[in-house]
Amino acid sequence: MSTAASVAGRRRAGLAAPAILCIAFFMGGPMCIMVFVSLVERAPDGGVIWGNFTTDAYKQFLFEENLLGETTLNADYLRIYLRSALLAGFTVLATLIVGFPTAMYIAMQHPRRRALLIFFLSLPFWVNLLVRNYAWLLLLRANGLLDQAAMALRLTSEPLNILYSNTAIAIGLTYSFLPLMVLPIYAAMEKFDFSLVEAAFDLGASRWQALMHVIVPGVKGGIVAGCLLVFIPGLGSYVTPVLLGGSKSLMIGNLIETQFAAARNWPFGAALAFVLLMMVMAAALLRAALLRKSRRAKSSNP
Amino acid sequence: MYVYLYIPLLILIVFSFNGGRMATIWEGFSLRWYAEVMQSDQFRAATVNSLVVASCAAFLATTLATLAALGFRGRPIRGQGMMVPFLSFPLVIPEIVTAVATLIFFISIGVPLGMVGLIAAHTVFCIPFAFITIKARMDVMDDTLEQAANDLYADPRRTFFSVTLPLLWPAILAGFILAFIVSLDDFVISLFLAGPSSTTLPIYMFGMMRLGVTPAVNAVSTILLVMSVLFVLIAAWINRMQRK
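Sequence order for the protein chains is A and B. Its first residue numbered -18, the first sequence is counted upward by one per residue in the numbering used here. Its first residue numbered 37, the second sequence is counted upward by one per residue in the numbering used here.
Isolated chain B, as found in the complex (with noise of 0.2 Å):
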């Protein structure tokens, strides 16, 4: 199973770094395809502007994410059964369907097909991400030492400032980068929703996989299959941090 799930990973970063102009025919170690990848202006423009969408989105997205689950601590609150499967909604409709709906919507009240656009429409589909992992978090904190903090007289500002955001700290970390693998790695929506000038990484990478399969693809995709798991890793780091 295992094997199964990385070996065509795995023979995709071997190749990358193939001296060859032929994707699958080794022709010995080399790092030309990343030199000659690094160098392209478009390459370097896509990243810019994946950074930039990912790291808005990843942001806004977080702060949502972070005063809803706040809003739903304790007591339930009236419409909480509703709300809170509500805020999984993006995640149940097929990416196409998202993509093609919002295009329509942005033309039809005039948000112009760029990085704005992009912004709010990547916002959207990383709430459910941010919000899951930090709901998941506050449901297992217990509030003792908010009440320890009430009963020393801390106001509920002091104690939200001093107790609370401490400890809710590592989720929100947490769930604020998987917000950001999110948005970097999202392609559908990307794509019917980036202007000329609004390119992001993984639309450069297409256009590249659509004129043929070359090396410099390979090395492409290793990038951003590299960025992806160091993000990943980094996320799980903080979530066994905040166990221990």
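One chain only, chain A, in its complex shape (with noise of 0.2 Å):
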């Protein structure tokens, strides 16, 4: 019996072995041979000179000689890491507090009705990313049709020059990755069970307080998910900026472009992705970290 069922377990990991295979090799094979290239010397052509190891590619990220020989901290790059640092976390709020009412909304329909409107939320999140983008850019650039309305309108006589900006790229990011916030936010919520709201409103909690201590508890990881969902592809955007950003707004995506692009610089480039991948990490880890808090607190306070 038991060897019976062992030969069916081998069978079925047979099955499931070649995709696992598949991901293994041209995920993890990639993700080696990136952290070897970013540890070896830059050969002067453009490649990379495998057996000399060295971490000039770490050091330039945070240092540069200058005319002397002398080393000093370079900030360029570690700006260009806050600011997208920062546009992810302001895209995270901005969805958060557009996405969290709508998904809260979709919840409290009639069920039919929920199926389609989650099915138009996310119908644009299957179109093309650079057309997403591109549409912003005919709204927002120079005399586009943003300006265009706000002059009709006698808002501003000047062009409001929106585009290539910070301000642009949240616009993009924003509306990018919406439905990524609101799709697990209402996932959580469809479980919630709203006569808990109803019972806190019984024992007299304004609508303020039923919302913070009861209906954000219930679905807190349904936003945790989303929060990572959205942080995640806007840290690492490479579109959003190169349509609406200007050369000023670099985002993390594009200095990583420009080294296998322009500069031909492997080593620093593999640096830099290897950068932004332990930054995405560490915001999965922490994601884990406090899953596994909240279900210990819930274990020890039945």
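Hints listed in this document are in silico derivations from the structure and should not be mistaken for laboratory results. What you were told as hints is all true, and nothing was included just to trick you.
Once the Cα atoms are required to be at most 27 Å apart in a straight line, the calculated DSS-like pairs of lysine-lysine come out as:
1) A:40 to A:229
2) A:172 to B:171
3) A:201 to A:172
4) A:201 to B:171
5) A:274 to A:201
6) A:172 to A:274
Build the complex from these two chains, which are given one at a time in their own frames, with help from the hints.
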């Protein structure tokens, strides 16, 4: 009996193996080589010298050598990382402010209507990211549609000059990733028992108290998942800053791309990508830690 | 909320039918930009490339995902708790990181930049979409029909082909379509991995956008938008059919 079960188990593991191996080879392999390349010397022709290990790429991230050969701190790259983190953080906040009430509204509808609302919420998400950002390019550019509308309404007499700025990137990112915030919060709210809110009202809670002490803790998992799902692509975004941002609002994605296209500095590009990956992993670990903590809190006071 | 989501896209569609030379100044209805785009050889080549890559990648990803979903059916096998999240691994890595890492990987192991590498890379990030769709269906599928087939002395093979597969077929098709759209829409990974002869539609469009905002870009964007929406509607329709 036990051998028959283990044979069946092995056969079923065999079915899963091709997909697992495919991802392990085409994701794991590249990640390992990327880390390796970030630790070797750059060849003059743009390639790398495989045998020569050095941490130059990571030093270049923080320091620069001036004309006298002294190493000084160079905050340029750090500034780009900080700007990206701030923009991604702002995007999380903006999508949360817009997305939370939307998710709550949808969750309170009749089940049939809910499915339809969710469908139309996620539909734009399947449209190409380039197309979605390009649509905002039409709206935001100088003498574009937003300017035309604002001038027609006599709100302003000059172009607003929103395009090619951090504001434009924030607008583009918020628009691009909004569904990623709404969907997990909605999923959590669908399971949430709204009679608890009525109970809170009966016990004399104000609307704000009911929201903060009953609903938000109840759907916390969905909120955290949504924040992470928005933060990760926001931090590593390439399309939005290229189309809507200017040369003064570079993000990590553009910086990495430059190392592979124009600068031909693979070790530095690989190091930049690795730092980005570590930031994302840190965010994911933070979420896992939060989940564990809330689970422990739940089990300790049932 | 919905107004905010749809207005920019609707404006884009409207202005793709603009007759004038300016992208955002309306000068009357016309299809001239569509005609101009369709006549371009580069556009046609890019469309063919996109469709080939998306079909191959979606087919491979759906096949692998279906096998994996079948493997995870019933009593959990050893290590399943690790394996299921691992299949979604490509989704949590920022695209730009995957793109540069795969570029370095391909060049180091000697895979030339072009269609083959593009299909391999697309297959990898399509697997999660196909897998999640098929697994979701399998989790709610009850196995009474299969048990009945067993009781009627159907051998495992016959049970699979005459009972399991027909029940699962709509989910496999829906998974295939989602994988197809995801591949068709991909830009960042393709940008790094496509050689000069394997330009896909989003890369072609990006090239046009860099040259300037023109009504022709509006037209190409609208074509891509309509393609995505059409396929999503088909996938949603299939999902509805199977629930009935």
